[in-house]
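Trainee: Chains as they are written, first to last, in the numbering used here: chain A, 139 to 360; chain B, 88 to 315.
Don't read these hints as lab results, they were simulated from the structure.
Where a beta carbon is used, it is the ideal one built from N, C-alpha and C, also for glycine.
Misleading hints may appear alongside valid ones.
Stated by the list, open to error - With a straight-line cut-off of 35 Å between C-alpha atoms, the simulated DSBU-like cross-links for lysine-lysine are:
#  : chain 1 : residue 1 : chain 2 : residue 2
1  : A       : Lys194    : A       : Lys210
2  : A       : Lys195    : B       : Lys101
3  : A       : Lys349    : B       : Lys122
4  : A       : Lys291    : B       : Lys249
5  : B       : Lys95     : A       : Lys199
6  : B       : Lys249    : B       : Lys101
7  : A       : Lys195    : A       : Lys239
8  : A       : Lys304    : B       : Lys101
9  : B       : Lys101    : B       : Lys122
10 : A       : Lys195    : A       : Lys210
11 : B       : Lys101    : A       : Lys239
12 : B       : Lys195    : A       : Lys304
13 : A       : Lys239    : A       : Lys194
14 : A       : Lys291    : A       : Lys199
15 : A       : Lys304    : B       : Lys95
16 : A       : Lys194    : B       : Lys249
17 : B       : Lys101    : A       : Lys194
18 : A       : Lys291    : B       : Lys101
19 : A       : Lys195    : A       : Lys291
20 : A       : Lys199    : B       : Lys249
21 : A       : Lys210    : A       : Lys199
22 : B       : Lys122    : A       : Lys195
23 : B       : Lys95     : A       : Lys194
24 : B       : Lys122    : B       : Lys249
25 : B       : Lys95     : B       : Lys195
26 : A       : Lys349    : B       : Lys95
27 : B       : Lys249    : A       : Lys195
28 : B       : Lys95     : A       : Lys195
29 : B       : Lys195    : A       : Lys239
30 : B       : Lys122    : A       : Lys291
31 : B       : Lys101    : A       : Lys210
Claimed, not checked - In silico negatives: residues of chain B with every beta carbon more than 10 Å from chain A:
#  : residue
32 : Pro111
33 : Gly259
34 : Ile287
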Amino acid sequence: MDDDISDILASISSSTTPHQTLDLQALTRAWVNERTSPELLPYPTSLIDRVMERLKKQIEKIEDMTDTLDPKANFTLVILQTELERFKFLVRSFLRARIAKIDTYPYHYRTLAQQQPELLSNLEQQYLQSHQALLSAHYHSSFLSTFPANLQKLDDTAGGISMVDKPDEDQAVFCRVLRDAGRVEVQNADATEEIELRRGDVWVLRWSAVKRAVHRGDVELI
Amino acid sequence: MYAEQANKLVLDAKRIQNLPHLPPYAATTVRAVTKEVRDLDREVSNLLAPYSSGSSSTTQSSDGTQQIKSSFSPADDPATACALLVNHLSMRRNKRCLLAYHRMRTDKLEGMCWSGVDVAEIQDASASASGRQSGGGAATSSLSAEEEQYVHQYSDLLAAYKGQWTDIDLTGSLEPPRDIFIDVRVLRDAGEIQTEYGSITLTRNSQFYVRQADVERLIQQGYLQRLS
C-alpha cells in the first residue's frame with residue numbers, strides 16, 4: 139500500500155512530500171492500535187483533519203478526470219479510486235471501532251472525557267451525550283420510573299458493586315517496540331520483574347504495562 | 088421466589104444474542120419484576136417502620152442512596168437484618184436483570200440501525216417474525232412502544248453523526264475493499280441508478296459489472312447480490 143501511494147503521488151503531482159506518506163502510516167497505525175487496544179485512545183484530531191482534507195481533494199481530482207473522458211486517464215483513474223476506497227475504509231473502520239468502544243463503556247468514558255478532553259472528538263462527545271440521554275430516557279420510560287426513588291440511578295456505586303463498567307486494562311496485547319522505551323514492569327505467577335523494551339522487539343504484555351508507551355508512540359500494537 | 092422472573096429475562100436476553108430477529112418484548116415479565124421490586128421496597132419500609140424515630144430517620148446521602156439512621160442495630164435482631172439484606176440485594180439484582188435485558192435489546196436495535204435497515208423495516212420484520220411464531224395470527228410489532236420510539240431517536244442520532252462525515256459512508260462495508268469494480272446480480276427490480284459512467288437500469292436477474300461504491304447500499308438492502 140505504501141508503494142501504491144508513493145507511485146501515484148509521484149505520477150500525478152509534483153508537490154509530493156513525504157509527510158503525506160507519513161500520514162498514511164500514522165493513520166494505519168492509529169487504526170491498528172485502536173482496533174487492538176482494550177481502551178479508547180486519544181482522538182488524533184489533526185491527523186484526521188489532514189486526511190479528510192486530502193480525501194476531499196482526491197475526490198475532486200477524480201471528478202475532474204472523469205469529466206475530461208481521456209481514455210489514457212482511465213488507468214490512473216482506477217488506481218486513484220482504489221486508493222480512495224482504501225483510505226475511506228481505513229477512516230471508516232477507525233471511527234467505527236471508536237464508536238463501538240464508546241457504546242460499550244459509555245459512563246466510564248463520559249467521566250474520563252471530562253478529565254481528558256482530547257480523548258474524544260467533539261462529534262464523538264456529542265454522540266456519547268445524546269446516546270446516553272436516549273438510553274436513560276428509554277430505561278426510565280420502560281421500567282425505572284416505577285422503581286423506588288433510591289434505585290433509579292444508573293451510575294450507582296452503593297452496595298459494593300459499581301454499576302459503571304470499565305474496560306479490562308490488564309488484557310494482553312501484542313506490541314512492537316518502535317523506539318527504545320525504557321523498562322516496564324511485568325508480573326509473572328509469583329513475582330514482578332522488569333523487562334527492557336528495545337527497538338524492534340515484539341512482546342505480549344498487559345495493556346496497562348505498555349499503555350503509556352503506546353500513548354507516546356514508542357510502541358505500536360499489532 | 089425472589090428474582091425468578093428476572094432470571095427469565097436474563098435467559099431471554101442470552102437467547103436474543105444469537106437470534107437474527109428480535110422476539111416480542113416480554114412486557115408481562117418486565118411488569119412482574121418491577122412489581123416485585125416495589126413489593127420488596129414496601130416490605131423494607133414496613134420492617135424498618137417500628138425502628139425509625141422522629142422525622143430525621145432517613146437522610147438522603149450524596150450518592151442518592153438512603154442511609155438508614157434509625158435506632159435499628161443489626162446485632163440486636165439478626166433475623167430482621169438478614170431479611171433486610173436479602174430484600175435489598177434482590178431489588179438490586181432485579182434492577183440489573185432488567186437493565187441487562189433492555190440493553191441487550193437496544194444493542195440489537197442499534198446494530199440494525201447501523202447495518203442500514205430502515206426503521207419501518209425493523210418493525211415489519213419483527214412483526215412478521217412474531218406473527219409466524221404465534222401461528223400467523225394478528226401480527227403485532229414485537230417492539231414495545233418505548234423501543235419503537237428509541238429506534239426512531241437513535242436512527243436520527245446516527246444520521247446526525249454520519250452527516251458530519253460526508254465523504255465517508257460510515258455505515259459502509261467493514262470489509263477491506265479489494266476491487267473497485269465488482270460483479271453483481273440483481274435480485275429485485277431496483278429501477279435506474281446514476282453512476283459516473285452513465286445510468287444503469289437494474290432489472291431482475293440481470294448481471295452487471297459496476298463500481299462497488301455505487302451499489303454498496305443496494306447490496307445491503309438486498310436488491311443486489313455480489314458474485315464472487
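Trainee: Evaluate the condition: distance from the CB of Ile287/B to the nearest CB of chain A exceeds 10 Å.
Mentor: holds, 16 Å
Trainee: Quick one, are Lys291/A and Lys199/A close enough, alpha carbons at most 35 Å?
Mentor: This hinted pair is violated, its Cα atoms lying about 53 Å apart.
Trainee: Just to be careful, I want the Cα atoms of Lys349/A and Lys122/B compared with a cutoff of 35 Å; is the pair within it?
Mentor: violated, 46 Å
Trainee: Is it true that the CA of Lys95/B sits at most 35 Å from the CA of Lys195/A?
Mentor: violated, 55 Å
Trainee: Decide if the proposed pair is consistent with the structure: Lys101/B and Lys122/B, CA atoms, cutoff 35 Å inclusive.
Mentor: OK: Lys101/B and Lys122/B at ~23 Å, within 35 Å.
Trainee: Check whether the Cα positions of Lys291/A and Lys249/B lie no farther apart than 35 Å.
Mentor: The hint holds at about 30 Å.
Trainee: For the pair we were handed, Lys101/B and Lys210/A, check the Cα-Cα distance against 35 Å.
Mentor: violated, 57 Å
Trainee: Verify the proposed pairing of Lys195/A with Lys101/B, using a straight-line Cα cut of 35 Å.
Mentor: Between Lys195/A and Lys101/B the Cα gap is close to 47 Å, so the pair fails against 35 Å, i.e. violated.
Trainee: Next pair to validate is Lys95/B with Lys194/A; report whether the Cα-Cα distance is within 35 Å.
Mentor: Violated. Lys95/B to Lys194/A sits at ~52 Å, over the 35 Å cutoff.
Trainee: Does Lys210/A lie within 35 Å of Lys195/A when you go C-alpha to C-alpha?
Mentor: With a Cα-Cα distance of about 21 Å, the restraint between Lys195/A and Lys210/A holds, given a limit of 35 Å.
Trainee: With a cut-off of 35 Å on the C-alpha distance, tell me whether Lys291/A and Lys101/B pass.
Mentor: holds, 24 Å
Trainee: Does Lys249/B pair with Lys195/A here, judged by a C-alpha cut-off of 35 Å?
Mentor: holds, 20 Å
Hint compliance for this structure: hints 2, 3, 5, 14, 17, 19, 22, 23, 24, 26, 28, 31 and 33 are broken, all remaining hints hold.
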